Amino acid sequence: MKMSRREFLQASATGTAMLAVFATGLMPSLAAATTSPLAVGDDRKQFEAQTLDDVVKALGGSKAQPSSDISLQAPPIAENGAVVPLVIESKLPGTRMIAIVSEKNPHALTATFHIPDGTEPYIMTRVKIAETSKVYALVQTDKGFFYTDQLVKVTLGGCGG
Amino acid sequence: MTDPMRIRASLTGDTVEVKVLMSHPMETGLRKDASGKLVPARYIKNVKASCKGKDVLTADWGPAVSKNPFLAFRFKGGAAGEKVTVTWTDTAGESRTDEAEIR
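Line by line, the protein sequences give chains A and B. Take the first sequence: its position 35, counting from 1, is numbered 70 in this note's numbering, and each next residue is one higher. Take the second sequence: its position 69, counting from 1, is numbered 70 in this note's numbering, and each next residue is one higher.
Treat the hints with care, as some may be off.
[To be verified] Derived pair list, reagent style DSS-like, types lysine-lysine, alpha-carbon separation capped at 27 Å:
#1 Lys53(B) to Lys80(A)
#2 Lys139(A) to Lys68(B)
#3 Lys98(A) to Lys178(A)
#4 Lys55(B) to Lys126(A)
#5 Lys126(A) to Lys77(B)
#6 Lys77(B) to Lys178(A)
#7 Lys53(B) to Lys77(B)
#8 Lys33(B) to Lys178(A)
#9 Lys77(B) to Lys38(B)
[Claimed, not checked] Estimated spans, in silico, between C-beta atoms of each pair:
#10 Leu31(B) to Arg79(A): 14 to 24 Å
#11 Ala93(B) to Phe43(A): 53 to 63 Å
#12 Pro72(A) to Glu102(B): 35 to 45 Å
#13 Asp78(A) to Gly54(B): 22 to 32 Å
#14 Gln185(A) to Ala73(B): 14 to 24 Å
#15 Ser102(A) to Glu102(B): 15 to 25 Å
#16 Asp78(A) to Phe71(B): 19 to 29 Å
#17 Val122(A) to Arg104(B): 31 to 41 Å
#18 Arg104(B) to Gln185(A): 57 to 67 Å
#19 Thr98(B) to Gly96(A): 30 to 40 Å
#20 Ala93(B) to Arg41(A): 51 to 61 Å
#21 Arg104(B) to Ile112(A): 47 to 57 Å
[Stated by the list, open to error] To give an idea of the interface, some chain A residues facing chain B are shown, with a C-beta separation under 7 Å as derived from the structure:
#22 Asp78
#23 Phe82
#24 Gln85
#25 Thr86
#26 Met132
#27 Ala146
#28 Phe148
#29 Pro151
#30 Tyr157
#31 Thr160
#32 Val162
#33 Lys163
#34 Thr176
#35 Leu186
Honestly, the hints are just simulated from the structure, not real lab data. This structure is a prediction, so every number in the text was calculated from the model and none was measured. Virtual Cβ for every residue (Gly too), placed ideally from N, Cα, C.
Chain A with its partners taken away, still in its complex shape (with noise of 0.2 Å):
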C-alpha cells in the first residue's frame, strides 16, 4: 500500500491520541485493580516486593536456598484462605529470623519474626492466602538466607470480601 506523506502524518497522529486515551483513561483503572498500596504511613520496602527472591534482596540478601532443616507445617487444603494456620520450626544454627512468604498475595512478604538469642526458632500463626500456592518460610541465619515451600490448596480467598 502506498501512503503519501500527509496520510501518514494524520494516520499516525490518530494512534498516538488513541495511545494517550488508553494511557492516561484506562491506565490508571486497571492499575488501581492489580495492585492494592499498603496503609498510609506505610513505607517499609520489603513489604512491596512481589516474589520470594525480591523479599530477600529487600531483606538485605542475594539468594535463598532450599533446606530440609526447616519445617513448615501448613494445611495441604484450606477451606478459607483467611485464616490458615502455619507452624514454622528451623533447626538450622544461628537463625535469626523467620519469614512467611506467599508470592500470590498482593505484597508476597507475610510478615517477619526477628529472633534473639534465647528464644527459640519457632513460629505458630494464622494467615491470609489469596488463592492456591506455595506457601514459604523464609529462614536468616549468619549464613544466609534458606527456605522450605509447602503448596497450600485455597478453596475460599483470603482478601477481599
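Fit chain B to the known structure of chain A by using the hints.
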C-alpha cells in the same frame, strides 16, 4: 479496637511457651463495606514481646496476617511468676500493651 490481648505464658521445663491472641480487624485495603466502598487498609505493623526488660520476640507484619492475629512462640530464661509483656502498633499509630504472668 482496643480490646485487651489474651496472653498465656506457660512454663514447661526451662522453656516458656507464649500464646497471644490480639483483637484487630487487620484490614487489607481490598475489602469493600456494605455500601461498596473500599475499607482503608489498617493493620498491625509491629509486635514486640519482652520479659524482664529483654526483647524475646519482635515481628514486622504486613496486611496478610489474619484478622484477630494469633501468635505462639517459645523462649528460654523465664521463671514462674515473671511477666511477659506484649505490645502491638498498627498503621494508624494506635498501640496496645498487655502482660501476663508466667505460670
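Q) Taking each numbered hint in turn, which are not upheld by the structure, reported in ascending numerical order? A) Violated: hints 1, 8, 9, 15, 17, 18, 21, 22, 24, 25, 26, 34 and 35.
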